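K.L.:
Going down the list, the sequences are from chains C and U.
With the numbering used here applied, the first sequence covers 1 to 81.
With the numbering used here applied, the second sequence covers 1 to 278.
What the hints contain is simulated information worked out from the structure, not anything from laboratory work.
Warning: the hint list may mix true and false statements.
Facing chain U, from chain C, some residues (calculated, C-beta under 7 Å) [as the list claims (entries may be wrong)]:
(1) G44
(2) R46
(3) I47
(4) A48
(5) I55
(6) I74
(7) V75
(8) V76
(9) A77
(10) V78
From chain C, some residues computed to sit far from chain U (all C-beta separations above 12 Å) [what the hints assert, rightly or not]:
(11) N32
(12) T34
(13) G69
(14) D70
It should be emphasised that the depicted structure is a prediction, and the values quoted were computed from it without experimental measurement.
C-beta atoms are modelled at their ideal positions from N, C-alpha and C, and glycine is treated no differently.
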Amino acid sequence: MIQLIVNGQSRCFPTANRAETQDQESSARVLNITDLLEHMGLQGKRIAIERNGEIVPRSKFDQPMLADGDRLEIVVAVGGG
Amino acid sequence: MRKRETILDHLNIAGKDYSSRLLVGTGKYKDFSETRAAVDASGAEIITVAIRRTNLGQNPDEPNLLDVLPSSQYTLLPNTAGCYTVEDAVRTLRLARELLDGHTLVKLEVLGDPKTLYPNMVETIKAAEILIKEGFQVMVYTSDDPIAAKQLEEIGCVAIMPLASLIGSGMGILNPWNLQIIIENASVPVIVDAGVGTASDAAIAMELGCDGVLMNTAIAAAQNPILMASAMKKAVEAGREAYLAGRMPKKLYSASPSSPVEGTIASSSAPASKDKSI
Numbered sequence: 001m002i003q004l005i006v007n008g009q010s011r012c013f014p015t016a017n018r019a020e021t022q023d024q025e026s027s028a029r030v031l032n033i034t035d036l037l038e039h040m041g042l043q044g045k046r047i048a049i050e051r052n053g054e055i056v057p058r059s060k061f062d063q064p065m066l067a068d069g070d071r072l073e074i075v076v077a078v079g080g081g
Numbered sequence: 001m002r003k004r005e006t007i008l009d010h011l012n013i014a015g016k017d018y019s020s021r022l023l024v025g026t027g028k029y030k031d032f033s034e035t036r037a038a039v040d041a042s043g044a045e046i047i048t049v050a051i052r053r054t055n056l057g058q059n060p061d062e063p064n065l066l067d068v069l070p071s072s073q074y075t076l077l078p079n080t081a082g083c084y085t086v087e088d089a090v091r092t093l094r095l096a097r098e099l100l101d102g103h104t105l106v107k108l109e110v111l112g113d114p115k116t117l118y119p120n121m122v123e124t125i126k127a128a129e130i131l132i133k134e135g136f137q138v139m140v141y142t143s144d145d146p147i148a149a150k151q152l153e154e155i156g157c158v159a160i161m162p163l164a165s166l167i168g169s170g171m172g173i174l175n176p177w178n179l180q181i182i183i184e185n186a187s188v189p190v191i192v193d194a195g196v197g198t199a200s201d202a203a204i205a206m207e208l209g210c211d212g213v214l215m216n217t218a219i220a221a222a223q224n225p226i227l228m229a230s231a232m233k234k235a236v237e238a239g240r241e242a243y244l245a246g247r248m249p250k251k252l253y254s255a256s257p258s259s260p261v262e263g264t265i266a267s268s269s270a271p272a273s274k275d276k277s278i
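Looking at chain C on its own, in the form it has when it is part of the complex (with noise of 0.2 Å):
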């Protein structure tokens, strides 16, 4: 497991890796950006992430950088004067 703080909140993503996983569950594995965006269901939404106070560019979301206790921001447009 991972404990990641999402926008304010703690919270746990499974990482076991391939060879712990028997079970067929890979696609479950947060192990960066794009997995875990999937498992929020916020894949393909227009959003911004900033990991630990710096941008994390969409090229990036496929590399496995997300380490325990990271904090990240996910941001979206919102209404505003």
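Chain C is fixed; fit chain U onto it per the hints.
P.N.:
Okay, now just chain U, sitting in the frame of chain C:
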């Protein structure tokens, strides 16, 4: 000749021409369809949006503002509303740039106090310096202090946006004299941002020589927001044309009637002015 002048009268911000001088916010509407209808009635080309944490684990099919107001049709101006520090404002706009595919035109506001939403100018100037170094084109919300406004321009802000009165107050233009000084000193567009309450406020701002007006609550909080959006469009256009036309001087009285003095059928001449007998 005059007509031609009106057609060519564009608002130029950071090298891009806009035909509308009304900029509108997208907050406080009852739903996205009302937002869209009001934006369209206003004729605004530049519209502000806020950047917020997405709802986690809730309705995944929630409509997205960017689907209703796509960046292909409008110039989106992400703001830093709700930011009270340099760090929060800078982080918010970096996220906005990422969200909007490298879009650099932004509205910076760093607030000083949640009660009045008055800007913190020390933090605003620091944030503007950082953002401009990072390649952002910064339209900046400021107090109506002519010195702060000049400093923001010197740093490299692409538009200076002084308040007319406090955000959401609808109090109108409280200090036209300061706005006039800011306009006179500025070589970048000056856009009144905040405080407009009704159409006449917008017209007055434009008659003072402002290059544009940015508003949200005046439209969204009207009884009929879409009708008010249309009123604001006309007020901004009317104010701009009046400014370009150059108003007549104010006089206590003119002794110069609009109709000819000669040729009236009156049998007697006008009574002698009492003043003359003195």
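K.L.:
Can you verify the interface hint for C/R46: is its Cβ closer than 7 Å to any Cβ in chain U?
P.N.:
Where the cut-off is 7 Å and the nearest Cβ of chain U is about 5 Å from C/R46, the hint holds.
K.L.:
Any CB of chain U closer than 7 Å to the CB of C/G44?
P.N.:
Check failed: Cβ of C/G44 comes no nearer than 10 Å to chain U, outside 7 Å.
K.L.:
Return the status of the interface hint for C/V75: holds when the least beta-carbon distance to chain U is below 7 Å, violated otherwise.
P.N.:
holds, 5 Å
K.L.:
Once the closest CB in chain U is found, is it more than 12 Å from C/T34?
P.N.:
holds, 16 Å
K.L.:
If I take the minimum Cβ distance from C/N32 to any residue of chain U, is it greater than 12 Å?
P.N.:
The claim holds: C/N32 sits with its nearest Cβ about 17 Å from chain U, beyond 12 Å.
K.L.:
Would the hint on C/V76 stand, with a C-beta cut-off of 7 Å toward chain U?
P.N.:
holds, 5 Å
K.L.:
Would the stated hint for C/I47 survive a check requiring a Cβ distance to chain U of less than 7 Å?
P.N.:
holds, 6 Å
K.L.:
Using Cβ atoms only, decide whether C/V78 comes closer than 7 Å to chain U, and label the hint accordingly.
P.N.:
holds, 5 Å
K.L.:
Is the hint on C/I55 kept, meaning its closest Cβ partner in chain U is under 7 Å away?
P.N.:
holds, 5 Å
K.L.:
Return the status of the interface hint for C/A77: holds when the least beta-carbon distance to chain U is below 7 Å, violated otherwise.
P.N.:
holds, 4 Å
K.L.:
With a cut-off of 7 Å, does the beta carbon of C/A48 approach a beta carbon of chain U closely enough for the hint to hold?
P.N.:
holds, 4 Å
K.L.:
Does C/I74 hold up as a contact with chain U if the rule is Cβ-Cβ below 7 Å?
P.N.:
Nearest chain U Cβ about 5 Å off; hint holds.
Checked against the numbered hints above, the structure breaks only hint 1 and satisfies the rest.
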